[in-house]
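Peer 1: Sequences are here, hints too, so could you generate the full structure?
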Amino acid sequence: MHEGAQARPRDSLRLARYQLPTTIVYGADALGELPALLAEAGVAYPLVVTDRGLAATPVPERVMAILTAAGIRHELFAEVEPDPTMAVVDRIAGLLRERGHDGVIGLGGGSAMDAAKAAAAAAAAGLPVREIVGPDKVPTDPLPTIAIPTTAGTGSEVTRFAVLSDPEAGVKASVASMRIMPRFAVLDASLTTGLPATLTASTGLDALAHAVESFGSVWNNPISEGMALHAVGLVGQHLRTAATDPGNLVARGGMLAASSIAELAANFTRLGLAHALAVPLGATNHVPHGVGVAMLLAPMCAYNEAVDPARYERLTAAFGDEGQPFSGVVGTLCRDLGLTARLRDFDFDEVDRERVIEIALRSDNVLANPRSVEAADLRQLLEQAR
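Position one of the sequence shown corresponds to residue 11 (the numbering used here), numbered consecutively onward.
These are computed hints drawn from the structure, not numbers from a lab. Source: prediction; values computed, not measured. All clues given are correct.
Result set (EDC-like, lysine to aspartate or glutamate): computed pairs, CA atoms no more than 16 Å apart in a straight line:
| # | residue 1 | residue 2 |
| --- | --- | --- |
| 1 | Lys182 | Glu141 |
| 2 | Lys182 | Asp362 |
| 3 | Lys182 | Glu91 |
| 4 | Lys182 | Glu368 |
Peer 2: Shown next, in the form of structure tokens:
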């Protein structure tokens with residue numbers, strides 16, 4: 011890494027635009043508001059989109075029972091896979107068109123919500139999803155979407171991104187448009203109580219990374235900065251409890267709030283090196299996203315705080331664990347939560363490393379990072395995760 015490196019300059023008066031078209035419904039029995047929200051959105055025949063893992067739990071049945079009791083006709087698509095492919099999104103979009111659905115409910119983690127958002131856009135546009143991948147390529151408003159997270163990590167319920175896999179090319183790509191932001195986000199802590207401790211931990215680290223990287227971003231703004239710091243504080247207050255006491259609704263609700271608030275911050279700042287590397291790791295080596303982020307967040311923080319220590323001291327104070335650098339705070343948290351996976355556990359080799367670096371260097375998350383980076387720096391960060 012470069013001796014004498016400096017933080018990238020920041021413009022405290024950089025022109026920023028903050029926009030939030032999503033209405034957030036948060037609190038006890040928020041799910042019970044679903045029929046009223048569908049009516050408000052003008053949706054009479056929604057398709058519930060979820061993933062195979064969640065379909066094996068009582069959660070989808072709970073949602074559909076509420077719809078049935080309200081006399082709302084609906085159907086279920088429960089075949090979204092982790093890191094959803096463009097092919098599955100096109101399948102969902104085809105069902106939406108063929109069966110005359112007028113809205114979508116994305117139920118689950120980031121994979122299900124991203125697939126729902128992308129399919130709602132592709133169906134309304136009448137296009138294969140590949141043609142709307144990229145920044146601002148969605149030509150018309152999507153079908154109204156309601157996002158209901160069952161994990162506290164991705165924050166997809168409030169983002170303008172839908173991350174999809176392209177297995178043939180071995181990459182991930184995003185639909186990126188304000189148009190795909192859900193009409194409503196329903197945050198009900200009771201839907202997350204069945205999440206295993208390992209998933210609670212890894213998704214929680216993803217939420218923390220969103221907040222940390224947004225706060226560090228050179229594209230930050232005063233609105234995002236305040237939300238990012240608050241999200242860091244919520245993670246510090248609630249993540250350990252949520253992982254060790256899964257039925258604790260206060261902790262679960264705190265993490266749901268942290269996840270959404272962190273992405274509300276990051277929506278307009280982008281992220282940093284942990285995500286620049288973790289996203290292609292999911293495509294090349296199928297590293298679960300939160301696990302990849304957990305491997306890389308502490309090394310990234312150490313890399314950045316070397317040139318901007320004051321900013322990372324504010325993160326330490328917000329987290330509530332002063333007395334060590336923030337990279338140390340993250341490292342301790344990962345150990346406490348049992349997040350000990352390493353890249354070598356995923357057959358990561360030198361060919362994979364160079365492919366990941368090549369993809370990462372094309373990411374705007376690298377440009378947002380508070381310290382400049384070259385390929386050699388990314389190699390060292392990946393080495394620390396081996």
